[in-house]
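> For the sequence shown, our numbering begins at 589 and goes up steadily by one.
In case anyone wonders, no lab produced these hints; they're calculated from the structure. No experiment lies behind these values; they were computed from the predicted model shown. Hints may contain errors.
[Said to hold, decoys possible] Here are the simulated DSSO-like cross-link-like pairs (lysine-lysine), alpha carbons at most 30 Å apart as the crow flies:
1. K712 with K798
2. K663 with K678
3. K643 with K678
4. K798 with K853
5. K695 with K712
6. K663 with K695
7. K663 with K643
8. K712 with K698
9. K695 with K634
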Amino acid sequence: YKAIDEQVTIFSVALMSYDFNPTDIENISESSGGELLIAANSGELKELYRQISWKIRNQYKISYTSLWPNTETIKINIIVEESELTSSVKTTYENPFYAPTPTKIIKIPKRPFFLTIFDRWWMKLIIYASIFIGVTLFLYVIILLIIPPSQLLKRRTEFYGYKPVRKSIEEEDEYKKGGFNRFASLISRIAAKRGFVELFTLRLERAGMKIRGSEFISIHIIVLMISSLVIYTFTNNLPLTVVAILLGAISPFIFIKFKASQRIKKFHEQLPDTLQLIGGSLKAGYSFN
């Protein structure tokens, strides 16, 4: 075992005799990588020792790396010269990593020029912006279909004493100046056909927000488009961007409803004191009369 641990090769020589039993010696030699040599008489010992000496002096470990890996059959011719002695060996083996050369060249057809335009960044930006605008307008169309027509909305609001205040021509001209105001007036003309602007104006007034309905819609669309583009630019995740568009489209309506409910709550809290004050004033007037 020590010879195996030290990587020592053991060669054994046995001379045949009456009690010849070299089993143990043979096992020791073979386990260490050596061998057992047997001589019939003492005259053969010299030749056995010469063979052992030859094997000890001619132990080589050879590593070979092919300069051209894609070869089907590798042929090796090894020649060793040492102390005026020469030995050679030839071997051949199949290359396990051989891959035959392709017999057919497949060419990918060139894309038409009009399709290569879609690979440019500005075209991708236009496509993404069109998608965002389409989703936004789709949401507004759904809301428009839910909202009642303009005449019905006017009748319902006038029943509660609400009548939209008409502005003078000078105020309208002053309002239309500027890029944003022109965009807001365009949105106002599109959305006013179904009373969308009037509905938003009514809800904004109920919420106590001093902003026009057309301005609110314009700001909503612009902020939604810019935020969607920014989110997609930094995340490059289309599903996340669509979710952000939906949340951005719904959140302003929730905020307006929350502000209106807060004002109604304050009104209900102040209503008893107001009625009591009016009742006291009426009593004072009757007593004065």
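> Each hint: holds or not?
We went through each hint and held it up to the structure:
1. K712 with K798: This hinted pair is violated, its Cα atoms lying about 38 Å apart.
2. K663 with K678: Holds: K663 and K678 sit about 8 Å apart, inside 30 Å.
3. K643 with K678: Distance of about 19 Å is within 30 Å: holds.
4. K798 with K853: Holds - the C-alpha atoms of K853 and K798 are around 19 Å apart, at most 30 Å.
5. K695 with K712: 28 Å, holds
6. K663 with K695: Violated, at about 36 Å.
7. K663 with K643: 25 Å, holds
8. K712 with K698: 21 Å, holds
9. K695 with K634: 72 Å, violated
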